[in-house]
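As you go down the protein sequences, you meet chains V and P in turn. Quick note on our numbering: the first sequence kicks off at 1 and runs consecutively. Quick note on our numbering: the second sequence kicks off at 1001 and runs consecutively.
Any given hint could be a false lead.
[What the hints assert, rightly or not] Facing chain P, a subset of chain V residues (Cβ under 8 Å, in silico):
1. Ser338
2. Tyr352
3. Ile466
Keep in mind that the hints were calculated from the coordinates and are not lab data. Cβ coordinates follow ideal geometry from the N, Cα and C atoms, glycine included.
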Amino acid sequence: MKVSSKAKKEVKEDNFSDEIKLQLAEKSHLTSDIEKAISIYSKKTQASKKADESEKIKKIFFKEFFDRVSYGFGSQQFINILFFHTGASYFVVGAINGLRVILSIILSSFLDEYSKVRQISRRFIGTTGIIFGFSFIFMAMARFFHSVPLFASALLIGSIGAVSYGEVYQRLFRDTLKKERSGLLRNIAQYGLMITGISILLAGFLMDKFPAIGTPISLFGFKLRIFGYFIAFEIAAISLIISGYVLSFIKEKQIKSIEKRSPLTQLRILFDNLKDNLPAFIKNKTIMVLIIATIITGFVQILGSSYYGIYIYETFKYSYFKGFTNVAVIFLIAIMTSLFSPFIARNNAREYGKFPMLVFGTLLMAIMPLTYYYNPNLLSISIGTLIGFIGAAIVGVSHGLLTIDIMSEKERKAYFSIYSLLMIVPYLIMIPLGAYAAQIYGLRTLFLLLGLILALVVVPLYFLIIVMHKKEKI
Amino acid sequence: MKSMCKITKNKKGVSPLIATILLIAFAVALGAVVMSWGKNVESSGADLLLSTEKCANVNLKVENVNDIPQIFYGGTGSEGFVKFTIANIGSYDVDQLIVWVIGEKDTNIIELEQSSIKVGYPLIKEIQHDFNKYGSVKKLKFVPKIKIDELYVTCAKNALEEEKISPVS
């Protein structure tokens, strides 16, 4: 018995339904024949699909590997230290980092809306990856020529590339692979942390071994000077370029657009939604407190992460493992916490409630800058950083779980698109002010300020909500 | 046995308020431990080690021109002066200099203002010297001060001494 073309299509698209069976039965075929024919055809297509999926997974795995290598060699902390060494003041470092985040928020919101009406091609994603890669080469050049404007431009362009690359790749990743397969790959991505960790250590070692003044070497009779940061950033750039190239070979599924609209119309819809939903969110005290607390926490994180690396480098550059390696070791330990901290957060949120966990996570986050202020020795700074990273994970997970609890699916979607846009205006004011404080009062005073903001502003905000909802377990 | 069952069946748990207070107490205790951990034992040792290590990178040198150290004295009586050129040939920036002008009668110790010397740079200064009070200049000693973690550390062991002091021509 031959299977009809419609049935074939349905099987291929994995939408095989009882309806097809019914249609064939209506044509007086025996049920056993129908089942047999479909099962043979289904097995054939399944086998070829499996091979296709395996091929995709291989490519994505390869791509993930190079991505992780580039994250390590081009770690944000190293970028900030090199930016500072290029000649940028504390103010410029903080302000440019803030601008980078704001640009990322705007771009990510735009891409999110754009992808609803247009399909973003893998070629575009590959290109953004390559731009991201080249930005590292320009940063290395800027460090060499001591050009702060070139470094800042490369950093900003690189972050635009990074956002486009990351955001859209994640979507492609979701759409291209079946759920169970992507889950498997996500597990593999956990091991990617190890690759990132090893890369960070190697990068730190290279930058200390071949410092910025240049180490003379003789190669085939030519006398050259090599620079550690150049090698590390070249590796990061090459990895990203290869990764972007690999991505262009991954077959993408044709995703149907929901509605045919221009991206600008879609953006207008986003702003209209924002206008419609904002009054409702403002009325809801819990959501309002969440938004304010998230904005303040985000501000502390952005400013802190702009300076932690610089501070560790400058304080311990002549001791322990030497400058860059000290930074690498501390952040390596902290990164490794991402292997288990979401698990701790999820379990405890279930046990104690989400808001108490938000308070706890925020206090753990406050320990990090306060340790930098009160006890700046490498051991306590390492532990403080580790605790801070765990705290950030707890806050992230609890925040996510809380939004599921207190908002409907529709509200949640509106909340996430609104709060990222709402961050822009306060960040435009707060980040330059914080960077200015760093410039005038020094990094230690800034860290004290950041720790106190978390402990004395954000924690009471959450606490207020708990007192308001004394009886409910939220 | 019954009460045991009651305990296991009781799923009420702690109220969010109590849970929060408990978690705050835990976080504060954890913070206190981390922030004071090794402060007395390691910190002092580490600070000492750190300052010793950093001071080891400080190296000052009196500039020589035609084998003449660039330290000169001039003027008379209370209108006297000492002029010197020293260079930082180490690998750590010097933030301030303490200058000892050892005279025949007494020693004048001056904490020089605006005397930071970046690595690879010289410092050319002229300081007042009262010949009536301190007598003729016998020796100059430069003690560097460096900044570690926003604190000034005096590197006494890395002081530079010079006895060849010529009259200004």
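What are the numbers of the hints the structure violates, in ascending order?
1
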